[in-house]
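Asks: Now for the letters of each chain:
There are 6 protein chains.
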Amino acid sequence: EFVARVSGIPTMAKLPYRDSADGLDAAFVGVPIDTGTSNRPGARFGPRQIRVESALLRAYNSGTRAAPYESLVVADIGDVNVNVYDLKDTCRRIREAYRKILAAGCIPLTMGGDHTIAYPILQAVAEKHGPVGLIHVDAHADTSDVVLGEKIGHGTPFRRCVEEGLLNCERVVQIGLRGTGYSPDSYEWSRAQGFRVVQVEECWFKSLAPLMSEVRAQMGLGPVYLSFDIDALDPGFAPGTGTPEIAGLTPTQGVEIIRGCRHLNLVGCDLVEVSPPYDTTGNTALTGANLLFEMLCVLPKVKYY
Amino acid sequence: EFVARVSGIPTMAKLPYRDSADGLDAAFVGVPIDTGTSNRPGARFGPRQIRVESALLRAYNSGTRAAPYESLVVADIGDVNVNVYDLKDTCRRIREAYRKILAAGCIPLTMGGDHTIAYPILQAVAEKHGPVGLIHVDAHADTSDVVLGEKIGHGTPFRRCVEEGLLNCERVVQIGLRGTGYSPDSYEWSRAQGFRVVQVEECWFKSLAPLMSEVRAQMGLGPVYLSFDIDALDPGFAPGTGTPEIAGLTPTQGVEIIRGCRHLNLVGCDLVEVSPPYDTTGNTALTGANLLFEMLCVLPKVKYY
Amino acid sequence: EFVARVSGIPTMAKLPYRDSADGLDAAFVGVPIDTGTSNRPGARFGPRQIRVESALLRAYNSGTRAAPYESLVVADIGDVNVNVYDLKDTCRRIREAYRKILAAGCIPLTMGGDHTIAYPILQAVAEKHGPVGLIHVDAHADTSDVVLGEKIGHGTPFRRCVEEGLLNCERVVQIGLRGTGYSPDSYEWSRAQGFRVVQVEECWFKSLAPLMSEVRAQMGLGPVYLSFDIDALDPGFAPGTGTPEIAGLTPTQGVEIIRGCRHLNLVGCDLVEVSPPYDTTGNTALTGANLLFEMLCVLPKVKYY
Amino acid sequence: EFVARVSGIPTMAKLPYRDSADGLDAAFVGVPIDTGTSNRPGARFGPRQIRVESALLRAYNSGTRAAPYESLVVADIGDVNVNVYDLKDTCRRIREAYRKILAAGCIPLTMGGDHTIAYPILQAVAEKHGPVGLIHVDAHADTSDVVLGEKIGHGTPFRRCVEEGLLNCERVVQIGLRGTGYSPDSYEWSRAQGFRVVQVEECWFKSLAPLMSEVRAQMGLGPVYLSFDIDALDPGFAPGTGTPEIAGLTPTQGVEIIRGCRHLNLVGCDLVEVSPPYDTTGNTALTGANLLFEMLCVLPKVKYY
Amino acid sequence: EFVARVSGIPTMAKLPYRDSADGLDAAFVGVPIDTGTSNRPGARFGPRQIRVESALLRAYNSGTRAAPYESLVVADIGDVNVNVYDLKDTCRRIREAYRKILAAGCIPLTMGGDHTIAYPILQAVAEKHGPVGLIHVDAHADTSDVVLGEKIGHGTPFRRCVEEGLLNCERVVQIGLRGTGYSPDSYEWSRAQGFRVVQVEECWFKSLAPLMSEVRAQMGLGPVYLSFDIDALDPGFAPGTGTPEIAGLTPTQGVEIIRGCRHLNLVGCDLVEVSPPYDTTGNTALTGANLLFEMLCVLPKVKYY
Amino acid sequence: EFVARVSGIPTMAKLPYRDSADGLDAAFVGVPIDTGTSNRPGARFGPRQIRVESALLRAYNSGTRAAPYESLVVADIGDVNVNVYDLKDTCRRIREAYRKILAAGCIPLTMGGDHTIAYPILQAVAEKHGPVGLIHVDAHADTSDVVLGEKIGHGTPFRRCVEEGLLNCERVVQIGLRGTGYSPDSYEWSRAQGFRVVQVEECWFKSLAPLMSEVRAQMGLGPVYLSFDIDALDPGFAPGTGTPEIAGLTPTQGVEIIRGCRHLNLVGCDLVEVSPPYDTTGNTALTGANLLFEMLCVLPKVKYY
Ligand SMILES: [Mn+2]
Ligand SMILES: [Mn+2]
Ligand SMILES: [Mn+2]
Ligand SMILES: [Mn+2]
Ligand SMILES: [Mn+2]
Ligand SMILES: [Mn+2]
Ligand SMILES: [Mn+2]
Ligand SMILES: [Mn+2]
Ligand SMILES: [Mn+2]
Ligand SMILES: [Mn+2]
Ligand SMILES: [Mn+2]
Ligand SMILES: [Mn+2]
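Protein chains in written order, with this note's numbering: chain A, 1 to 305; chain B, 1 to 305; chain C, 1 to 305; chain D, 1 to 305; chain E, 1 to 305; chain F, 1 to 305.
No lab work stands behind these hints: they were computed from the structure.
Okay, derived cross-link-like pairs now, DSSO-like style, lysine-lysine, Cα gap no bigger than 27 Å in a straight line:
| hint | chain 1 | residue 1 | chain 2 | residue 2 |
| --- | --- | --- | --- | --- |
| 1 | E | Lys88 | B | Lys88 |
| 2 | D | Lys14 | F | Lys14 |
| 3 | E | Lys88 | B | Lys151 |
| 4 | E | Lys151 | B | Lys88 |
| 5 | C | Lys100 | E | Lys14 |
| 6 | E | Lys301 | E | Lys128 |
| 7 | B | Lys206 | C | Lys206 |
| 8 | F | Lys151 | E | Lys14 |
| 9 | A | Lys14 | B | Lys14 |
| 10 | C | Lys206 | D | Lys206 |
| 11 | C | Lys128 | C | Lys303 |
| 12 | E | Lys151 | A | Lys14 |
| 13 | A | Lys206 | E | Lys206 |
| 14 | F | Lys151 | F | Lys88 |
| 15 | E | Lys100 | E | Lys88 |
| 16 | F | Lys301 | F | Lys100 |
| 17 | C | Lys301 | C | Lys100 |
| 18 | C | Lys151 | C | Lys128 |
| 19 | B | Lys151 | B | Lys88 |
| 20 | C | Lys100 | C | Lys14 |
| 21 | E | Lys151 | B | Lys151 |
| 22 | F | Lys206 | E | Lys206 |
If we strip away everything but chain A, and leave its shape as in the complex, we get (with noise of 0.2 Å):
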């Protein structure tokens, strides 16, 4: 029997809903805040607008011929209760909340949600999986030390997860970096610790399919967690996001990223700064749901035809 499109409550990938990550090999999950956010806020629905938009997406890809729900049992696990108005109250909730998920042999791939989030997923990950190789994809570093007198907030994850030891350094690439900057140097710090720094100069008019083989011979076979800030792609494609800038990655670049991570040990992802009151054209949600899509195929253990 069929199910329409547009009918039912609207979980991601219109997948069922469970209440925990029991018996899970992925979920996804929502972090619904944006109180991280320096400029435009909004991707505190980023998730809702993730799920409403993923209603187009069918059980297989087209394009890699992966059959994730063949070999992974994956659900909807709705949002972690986040506190607007205290963020380190907050961070400390979603940690707690990914260390279960962690704990059940989850893999979670996180719709958010500004990108403050990746820090204390970061530290239930690495909680279980010691320091971690990082595939971070963004318009920006977010490596401040302080951003208007913070320590935590969407422009610091990275570099308080080096500071706790979180990172394998040598293991971390930031790709689509680009914009106006604090000082004249803006990745001086990224380089710093070892980091590959891939401006978006590097990535202009060509398929990002040979950078990713050397990702993935960087990356090796230990754990690698992927976070993809919307705001990497060009905001022709992605307006709804808190802080564009110009001349970014395409979307067919974003999938050859992600699905260049096929074959590395996967063991969390996320998809943040989907700012839907800034999404006119609802294609950022769109974007993102099959971003998230995508991120579920290159798991390990998915089936391929």
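Fit chains B, C, D, E and F with the ligands to the supplied structure of chain A, relying on the hints for placement.
Replies: Relative to chain A, chains B, C, D, E and F with the ligands alone:
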């Protein structure tokens, strides 16, 4: 423990989701169709968007002191699984779904969907309750015999209902009728059946509380169905609908009409014709969500403080 | 054979297109300019968008039982070919076009365009009918001598008309005036000419039917021109205009004003200042289309049931 | 020499920009925060958008013949430098900024920002004037003790003010309250403090001029603060806000309330909760700008013609 | 004498309106339906909006020096009178309308409408020309047997065409296919028929001119039909459509595909699936209008400078 | 002390406002007109919206390591006081304003406004520097003799410039030209003057860095003016403009063109045709702001790290 408004998979009013009406006193149910529409489509997304906007609804009615959840068990039971390619088959599916809801002793509060759905719903309602009284709030009479060559559509449901004896014609009132029409007296047929017709001109600039006390007298003690087409409201307040007509009711009058239904023997209610792609302000779905909550508050047995 | 609302090239009210006014009793005609605008432009697209939204208009007026097409021959005669680079040349073109329309014995129902156009239209009207009465519905008096250094523009048409003797000043009423102004008494000049000035405060919370019966007395039997600036309406209902002022008339009051013109000797009507790029809800053009239909319904000789 | 409306860097009402309140009788000041918001954010952009839409404001009030600039020195003094990451620090910054404004003998006309800001503003106001009367126009009472676990936020400011003795409780009125609530009597606490509570139902369909003459009697000669939450207005007119509630006040009633404050000893006013990302028609910011101008017009010592 | 772009009733490319195809070499014709749509509707308004946006089209192709109007007689012949309540009857009406157009020796350039319409159009085309070659540009193969229980809809037209022998299967190419699917190999059936399938991955980052020279070889001298679903383009460029899929073709590639059809024996073209309610930037209809003009420019016998 | 991005009255890039160019090395200046527009207006609001979106601009160019504020004194000097009712008078006002800016030894970075303004700006520029080289980035050549009967408008500025000898014709390049035209060879006149014409087809799918090194050779050491019409970009990225043409440049290519101007003797730059009412995503103004910052970064004497 608090839960942020923004958090969670959007059910109506953040109520629990249930997959059947068993054990419920009242249920919100969606009927996501627009294939009965003659002009602008989009009402198929009405239930989804009403649920999204309903996140602001709290448990008590500040205006009337109704406390619906203290005396009734209520849930969101999802959507009727409609057939977007066959309106007659969809009508059959609706009728059957409502038979089950009614058989469970549950009062359905329907989120449309275009107005066609009132016809199969009333078939199920009359099957259980016999011919019912009808409070029909709309810019249009929806009593055409045939529209664009078709018997079944959003311009004809109440004609069909009369033909099948589903309505107690002297206990029918139509409120808010207006606009341009296909014949010199657009409401002749309604009056000929014994309906009370309240054209919008009778409603301008004044409270509808006096009208509603007449309506309560007209309805008496028998079963009553309330069918509220959002286009009854002025499109300044409710732009997101398919056949908007200017100079309509205000939301205040809409609230008065519903509150005026308290103490009636309501056996079912619907709120139809919310078309999200045209709801550029979001106010139409928000209004729909609030009017549905007001309907819940006037169901029989609701506790008032 | 039926025709779907959505079908066909958009003429006003789906009327036939004619390339001249010959043989017509009344004609809808567009004047697509906004070069007389002082603030937000866009009214050049008013005629096009009013035509698009007019697809919903049916043949009869349900509220008044007017049947305009049973007694009048009506068509859409397209647009005056304006000069977007020379407002004075545009005025000349308008004047000449209206001379021809009037010479054919046809009553023009104008779709603006900014309010500047009332000046050349009234030149043609007065040339045929002598000085006329004027029912001017607007947030603004439009009686400045000079705006931003210019004599011709949307803030000055009625000053120019008075100077040229086109108006019967004691048969002029201005309804809905409000907002901020350039001098302590914004309507002093109007009153000094003998105009009746009805500030919006006199209109709040009440039916304008009593006012209109006074207006009919003021107008008497002589020729009357009706000029309706959509910004007379509250911008909650009509956001798509260039100089919106809050706390305006409701669409209901707009309809009452026009219906109150029945039995007058109307010799022309316009509906101006609809600016589609700012009409994010579409309600402004829809309202314009409906008000133009109401104007048609009160022309002399229209049949009523 | 004229200046086009469109021209120039957008200050409020095209007034000169000043970097302090020294020498001013009244000042427009922005407080660009939304971190006190529980549902939809965006009010941080309220001051910016109100300034943009204020370009239409001219020097005189056509409705009341007020000529504010003939008797008062007024400027735009920019924004309080808020801390987007720490709401309590933001409150401290606001309090200090308003101490300086008030010390200069200047009356602040505040452009919010979410309603949290009323609390630190009233701290500064009461420090100078002692406990004040309060005219609070809002859909919500904003008197919760704790919202989502927090004491400081846009749902709690007036609770905090009462606790700190900043208000003269018998000289407090709350107008426009409505919507759903968390308890059977949402306004019990307000009434218990001696506030006058005017629920929206008392306002429907009528002029608020009579109410305001009662309010003036209630307020007497003492200092009065006017706090106007734009969500008091119906979301049909003001969609751009974070917690909209249907069936609200009309802009006309909003204007009447403010005009009804003439002859009071107003010591400060605010207009809060304009959220531009949700203001799809632009009408919310436009309305905010006009209401702020109306507030200026009723300050003590304004000249009237 | 010049005519302003803004002026006049919107026909396609400001061409004359004709009520039949007699005497025309090519005709633009609208088919305003969306009842074949499975997800988001709105394509019924495609023809109207394409006409509106086409006002910018001038007479010559600056890129290719085509001068279509110097060698062909072209007009806008309005819309097929569809039945919005019966898709099969609509198909019959389309087939009959196209028989007449083709019988007049006129090449139809169709403005859709959803993709269902390609089926009855191809019935009429094959009736005249025999089985034809097909250049099908789309995100989707549209070769399902049944969608949501139905044989006729926008997901099935080319399956039906093959079943009825309307296509020369080895002269069919499908370009731009991508997205998620219902089975591991979404394009298996297409390949089994002998179609050439060009998945979008083969198109990324490069000119499609080389592909098109292979396509020209494949098509040879026989009759060819070009069917262009706007969702072939990336939704960053064409958000206004019902089933958007990310990582699609660019408008530049769309233009290359059409220009690459020059010198083929084109017997008909369509541009389908433009859904204006979702076209928030207006760019989808604008792109549709331009692609239709490019199609006109590659018809047989068009003059080039 | 930090300042939140959201805070403060919007000057370009949050620079200080100055009321003259005295003492400045470079100045951002607005020219808010659209009366030279032939199709969709709105560019009069371009400067205002570019300033609003520029709030995200930080001090350094991450891509090129330019540090413009370390070597140049830069401010926002507000808008030229245009005459919205007289385009020729506006041109005079622009010319005079730019004479003063140039006399102060300041390089103007202009925020348009429609492209007409390039003509009076170049009059002032050539008066100071003699005939200049021109890098003209646009979808259109803007070299018509007369448009809709007028010599002055946004379709003619470079024709006028050539006639008055303001350009060094062999040092003129036009990049991005495309779309439909009024004659078979739209760029014949340009080539006849000695301009280099780079149609968009030459730009598709590739980096423009090689082109720009040819352009630098063409320009040599003499003074060069850069005029960038935002409609050069594809309307997928820049929908907010008056005469959009599909298949245009990408923002990446726009950035490359500007960065390719480094080491030239730039004497002025403009970014024109941003029309905010059509910029539904906000991306057009954001792109304009960023491109203006890139222009600043390539002015002579800017420090690079
Ligand atoms: Mn980030
Ligand atoms: Mn980022
Ligand atoms: Mn109805
Ligand atoms: Mn209706
Ligand atoms: Mn006017
Ligand atoms: Mn006006
Ligand atoms: Mn409040
Ligand atoms: Mn409130
Ligand atoms: Mn298709
Ligand atoms: Mn498709
Ligand atoms: Mn140009
Ligand atoms: Mn251009």
